[in-house]
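Note that the protein sequences, when read in sequence, are chains A and B.
In terms of this note's numbering, the first sequence opens at residue 1 and continues consecutively.
In terms of this note's numbering, the second sequence opens at residue 1001 and continues consecutively.
Derived by calculation from the structure, the hints in this document are not laboratory data.
A hint or two may mislead.
Non-contacting residues of chain A with respect to chain B, defined by C-beta distances greater than 10 Å in every case (computed) [as the list claims (entries may be wrong)]:
| hint | residue |
| --- | --- |
| 1 | G16 |
| 2 | T32 |
| 3 | K66 |
Taking lysine-lysine pairs in the DSS-like style, the calculated list, with each CA pair at most 30 Å apart, reads [stated by the list, open to error]:
| hint | chain 1 | residue 1 | chain 2 | residue 2 |
| --- | --- | --- | --- | --- |
| 4 | B | K1058 | A | K55 |
| 5 | A | K41 | B | K1058 |
| 6 | A | K64 | B | K1069 |
For the chain B half of the interface with chain A, some residues (derived, Cβ under 10 Å), not all of them [stated by the list, open to error]:
| hint | residue |
| --- | --- |
| 7 | L1007 |
| 8 | S1009 |
| 9 | V1013 |
| 10 | E1015 |
| 11 | Y1032 |
| 12 | A1087 |
| 13 | A1092 |
| 14 | S1094 |
| 15 | G1098 |
| 16 | A1100 |
| 17 | S1110 |
C-beta: ideal position from N, C-alpha, C; glycine also.
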Amino acid sequence: GAVVSQHPSRVICKSGTSVKIECRSLDFQATTMFWYRQFPKQSLMLMATSNEGSKATYEQGVEKDKFLINHASLTLSTLTVTSAHPEDSSFYICSASTRKGETQYFGPGTRLLVL
Amino acid sequence: AQSVTQLGSHVSVSEGALVLLRCNYSSSVPPYLFWYVQYPNQGLQLLLKYTTGATLVKGINGFEAEFKKSETSFHLTKPSAHMSDAAEYFCAVSDQPGTALIFGKGTTLSVSS
Chain A
1 GAVVSQHPSR
11 VICKSGTSVK
21 IECRSLDFQA
31 TTMFWYRQFP
41 KQSLMLMATS
51 NEGSKATYEQ
61 GVEKDKFLIN
71 HASLTLSTLT
81 VTSAHPEDSS
91 FYICSASTRK
101 GETQYFGPGT
111 RLLVL
Chain B
1001 AQSVTQLGSH
1011 VSVSEGALVL
1021 LRCNYSSSVP
1031 PYLFWYVQYP
1041 NQGLQLLLKY
1051 TTGATLVKGI
1061 NGFEAEFKKS
1071 ETSFHLTKPS
1081 AHMSDAAEYF
1091 CAVSDQPGTA
1101 LIFGKGTTLS
1111 VSS
């Protein structure tokens, strides 16, 4: 099946720093990528939808200036958490779908801990 | 607006017993329905999906689910639980192919020997 990777798998940073998370579709072209956030023992909440070559669409309540999303190619999307704070600590998961795509393929997630 | 309700945040079964995880959805259009499994500190793995056609869908690891429009349900079953089935299970819905998924809150499945 289709493979989506995320890097890094885990990151610890100091409050106020910025962190970039990469999401790659390894064996298919992803016209759309999604970024989700998952707090402990909770479900996934959609943060934003990213289409290649265009600006991301953010869900209500998600600060676009804080969570910068770039989808520069059909195989790569990045999420940058700017000026991270402890409340941004979470599990960030990306998914990707093809142009035809009925199915989203999920990455393994990135655990962010902000101290 | 679409939504998903998973009844029972925690289900416990014995090894070899039937697994039944409940999912009800609401959607104003014909839904696309999915079940995903998540192991600790990992991403989501697709178990099965319903888009169109046959309402009984078979997935990986012996799981299956039946789409019942009249009941707005998509319950997940497995005839015989295995210890390796212990994980978090998420039901999700979307209204079009390739659009964002709306997830239920998840059900933790525990399997005892």
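How the hints compare with the structure:
1. G16: 26 Å, holds
2. T32: 6 Å, violated
3. K66: 20 Å, holds
4. B:K1058 to A:K55: The given pair, whose Cα atoms are some 37 Å apart, is violated under the 30 Å limit.
5. A:K41 to B:K1058: Within the cut-off at roughly 27 Å; holds.
6. A:K64 to B:K1069: Given pair K64 (chain A), K1069 (chain B) is violated - Cα atoms ~37 Å apart, limit 30 Å.
7. L1007: Violated. Min distance 14 Å.
8. S1009: 9 Å, holds
9. V1013: 20 Å, violated
10. E1015: 24 Å, violated
11. Y1032: 6 Å, holds
12. A1087: Constraint on A1087 (chain B) not satisfied, violated at 14 Å.
13. A1092: Cβ of A1092 (chain B) sits 8 Å from chain A, so the hint holds.
14. S1094: 8 Å, holds
15. G1098: 4 Å, holds
16. A1100: With a closest approach of 5 Å, the A1100 (chain B) hint holds.
17. S1110: For S1110 (chain B), the interface hint is violated, since the closest Cβ of chain A sits about 14 Å away, which is over 10 Å.
Going through the hint list in order, the structure does not satisfy hints 2, 4, 6, 7, 9, 10, 12, 17.
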